[in-house]
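**Student:** Chains as they are written, first to last, in the working numbering: chain L, 1 to 565; chain E, 1001 to 1272.
Fair warning: there could be bad hints in the mix.
[Stated by the list, open to error] A few chain E residues facing chain L, derived, Cβ under 8 Å: (1) D1007; (2) I1013; (3) Q1099; (4) F1100; (5) F1101; (6) G1128; (7) E1133; (8) G1136; (9) A1139; (10) Q1149; (11) N1153; (12) N1154; (13) T1156.
It should be emphasised that the hints constitute simulated quantities derived from the structure, not laboratory data. C-beta atoms are modelled at their ideal positions from N, C-alpha and C, and glycine is treated no differently.
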Amino acid sequence: MWGSKLGLSSIRPFRLFNSFPFFLFLSVISLHTFGQSDPGEIHGNLNVDAQYYNEDSTIGATVPPEQMGINAWGNVIYTRGKFSAGLRFESYEPSMLGYPAGQPYSGTGIGYRYVSYKVDELEVTLGNFFEQFGSGMIFRAYEERGLGVDNAMDGVRLRYNAGKGLYLKGAVGRQRFGFEDGFTKGPGIVRAIDAELSMNELFPSLADNGKNITLGGSFVSKFQEDKDPLLVLPENVGSFAGRARYTNAKWNIFAEYAHKINDPNVQNDFIYKDGQGMVLQANYSIKGFAFGLGAHTYDNMSFQSDRAAPTGFDLNVNFLPPLTLPHTYNLPATLYPYATQPNGEVGFQGDLVYKFKKKSKLGGKYGTTIAINYASVFSLDSTAIPNDENLDGYKTNFFSPGDQMYFQDFNIKLHKKFKNKSELVLTYINMVYDIDVIQGKPGDPVIFADFAIVDYSIPLKKRHNLRIELQHLWTKQDKGNWITGLAEYTISPGWFFSILNQFNYGGPVDTKQINYPLGSVGYTKGGNRIQVNYGRQRAGIFCVGGVCRQVPAANGLSVSITSTF
Amino acid sequence: MLFSSCDYVTNPIQEGGGIDPGDTTTVKRKVLLEDFTGHYCANCPEAALVAEQLHNLYGDLLIIVGVHAGPSFFVEPQNNPDGSYATDFRTPAGDDYAQFFSITALPKGMVSRREFNGSLTLSEGSWGSAAGEIIGEDAIIKIEFEDVQYDQNNNTVSTDISIEALTELSGEYKCIIYLIENDIIDWQFDNSASPPDVPDYDHQHVLRDNLTPTWGTTVFSGTISEGTVEQVNVNNFSLDPAWNMDNGHLVAYVYDDNTSEVFQVEEISVNQ
Chain L
1 MWGSKLGLSS IRPFRLFNSF PFFLFLSVIS LHTFGQSDPG EIHGNLNVDA
51 QYYNEDSTIG ATVPPEQMGI NAWGNVIYTR GKFSAGLRFE SYEPSMLGYP
101 AGQPYSGTGI GYRYVSYKVD ELEVTLGNFF EQFGSGMIFR AYEERGLGVD
151 NAMDGVRLRY NAGKGLYLKG AVGRQRFGFE DGFTKGPGIV RAIDAELSMN
201 ELFPSLADNG KNITLGGSFV SKFQEDKDPL LVLPENVGSF AGRARYTNAK
251 WNIFAEYAHK INDPNVQNDF IYKDGQGMVL QANYSIKGFA FGLGAHTYDN
301 MSFQSDRAAP TGFDLNVNFL PPLTLPHTYN LPATLYPYAT QPNGEVGFQG
351 DLVYKFKKKS KLGGKYGTTI AINYASVFSL DSTAIPNDEN LDGYKTNFFS
401 PGDQMYFQDF NIKLHKKFKN KSELVLTYIN MVYDIDVIQG KPGDPVIFAD
451 FAIVDYSIPL KKRHNLRIEL QHLWTKQDKG NWITGLAEYT ISPGWFFSIL
501 NQFNYGGPVD TKQINYPLGS VGYTKGGNRI QVNYGRQRAG IFCVGGVCRQ
551 VPAANGLSVS ITSTF
Chain E
1001 MLFSSCDYVT NPIQEGGGID PGDTTTVKRK VLLEDFTGHY CANCPEAALV
1051 AEQLHNLYGD LLIIVGVHAG PSFFVEPQNN PDGSYATDFR TPAGDDYAQF
1101 FSITALPKGM VSRREFNGSL TLSEGSWGSA AGEIIGEDAI IKIEFEDVQY
1151 DQNNNTVSTD ISIEALTELS GEYKCIIYLI ENDIIDWQFD NSASPPDVPD
1201 YDHQHVLRDN LTPTWGTTVF SGTISEGTVE QVNVNNFSLD PAWNMDNGHL
1251 VAYVYDDNTS EVFQVEEISV NQ
């Protein structure tokens, strides 16, 4: 799992002896260990994002003293049989404005390094690793580079296949915190164990019927010294979770419950109430038809390995999976995305996908797909405790939504193909968005927004494709209406050109009616890709998995380079 | 093993507290808590409450300054028809500190500008622990207000401060003098109040101005032998007539220019 997190899934091998001395040295060690028949392979990739900033007071874009920002990452991984070792160089000289989401990154150095090997059924990882138990409600160490979130563990991990479908994992270490010429670590120690039992490996008859049931349980504890002069703080905070998944050819049903003991921290205002969470999801799918239903509740489930972590992005031990559709079109994705509320929320989601058959009235000659999605998220139904001497904060009933709606999203998407291989995607979104709760803008009214999006892709001639996107947002709140137009011209496989403009109008202040033009050119050859953008970037929100960071307004030239070997 | 990894706390409030004054003949290091706050920061009053609780615990060994600076949304004056949040509590020096120390969210605090758990700017939950690490250490620098003169007629303040190296020092040490004011009654957005718009909030320890340049004046430079004493004098510093110097205090501190760490701080009333 973590390999794909590093973006290594598509990279190609590179012969060892073309590499530079460090890996020659590394390989000598491994050759010595494993014999000299196979020298192994080295893989790697590079990703550089840089921006040169212009002053633009109209949009509130500022220029750092260095005038530019650069984020760069390079992975180099050596593998030989069941042995692998790798590291990631990172460079922020300085980091781009608004990046990362949490603790600042600065300088150049090593951000991740590990050694891993497997002997029989035991896999050992020393150094950094990513890991997840179940849905992640009590443990997920992961990296999301776009956000600047990286809570990688640094320690030891063991994975053991005990046979008969029983898989065991254990991990201990401290988490990555910030970056100052190398990664820094938080003060807390994380200890985690997990067991998962796959019933169809235990009972092969289940597998014969195409069914499977997996059961899992995990326990995670963090240790942090208590030096607080005012409060008695728990130094060891334990949490446990149990999960079950049932799958057959049509159904995929998952449930997980998690519980965390008293964990007073800066995110929950130092209350001592236990936390709990539950995730329920059922999906049904047959050819041309699928639906899914989901629900979750999170009650006081912020879990960080530093109880006073500077921000909610730092040192998270867990991850709370979202239950809202992550929109990809610019306006809904960056203006009003939903961010999970770890202190408390109850959410519901339903979605349905139906494909009208070809040659039917609605399906036309080439078929039509309709996708409908609805999600709503509410506060907890909670009551503050009067004379709260035990600092429990509040009382709530399990899985009970409160009166306050944080978010609602009804969206419908129609996807139709035509004879000339052109494709049309029509999207309508109706949204209710409590910007006070989600973005922390106290006093701002709840936003009621409608979006309509037309996305039309036309092949013009062989390897030439034009895609046009028109988006409109109507709202009487916040900054008023927005319209976005995008034209993308692609010449496969090498070139890519696009022009984007966003325009804000109908807002409460006339002077805020602003155009945000942005032009882009991209070129790909082999394992290398470069993209250059010039123009205005609107201030907005960037979210992955319900975790969101603010992206400041910017004006200038940006370059993005990726390279793999 | 699992149960030993869980500490259940049934009585979360620390009994007693405070610190043992111990040997009173040696000069102890005091702590400067710079509480970055804003009148439109809904969670800042709770942080201010933590600061006051720590002050109750540590007494004069903890000196608090409320710096209204940080993201403009929280701190800039507003042009509301009812006149709410119209006061500009910002100061040029406070803005410079917020920028230099990357105060990108509020509330945040710096405890003697020393890193705690890898961070310089701390959430209020860390202030007590961070202060506890410093308070009670033997001081390496002594600050003494030798004289403070408040001229009511000309509305000026003057002060003479002596700064003594209590051990051999090397590097560059600078002195900054703040003017702060207590009990300013004005608007504050407060999540813990209902309704949250509080027109008569009691703002404490508000940084009004710097009597020295933003980054202070150099008092020690190079290798300094134990017992060296330097003077910092400020003459006839003009005060804004809107400020009430019955509630005014001077806060003087000395910091290491290389690390930013504050090694000693003292506070005194303006109108004695």
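**Student:** Compare the structure with each hint and give your call.
**Tutor:** Now the hints, each set against the structure:
1. D1007: holds, 4 Å
2. I1013: Interface hint status for E/I1013: holds (7 Å vs cutoff 8 Å).
3. Q1099: At about 10 Å, which exceeds the 8 Å cut-off, the nearest Cβ of chain L leaves the hint on E/Q1099 violated.
4. F1100: E/F1100 check fails; min Cβ-Cβ to chain L is 11 Å, beyond 8 Å.
5. F1101: Where the cut-off is 8 Å and the nearest Cβ of chain L is about 11 Å from E/F1101, the hint is violated.
6. G1128: Holds, about 5 Å.
7. E1133: Cβ of E/E1133 sits 7 Å from chain L, so the hint holds.
8. G1136: Violated, about 11 Å.
9. A1139: Interface hint status for E/A1139: violated (20 Å vs cutoff 8 Å).
10. Q1149: Violated. Min distance 37 Å.
11. N1153: violated, 44 Å
12. N1154: Hint violated; E/N1154 Cβ to chain L Cβ min 40 Å, cut 8 Å.
13. T1156: violated, 36 Å
Checked against the numbered hints above, the structure breaks hints 3, 4, 5, 8, 9, 10, 11, 12 and 13 and satisfies the rest.
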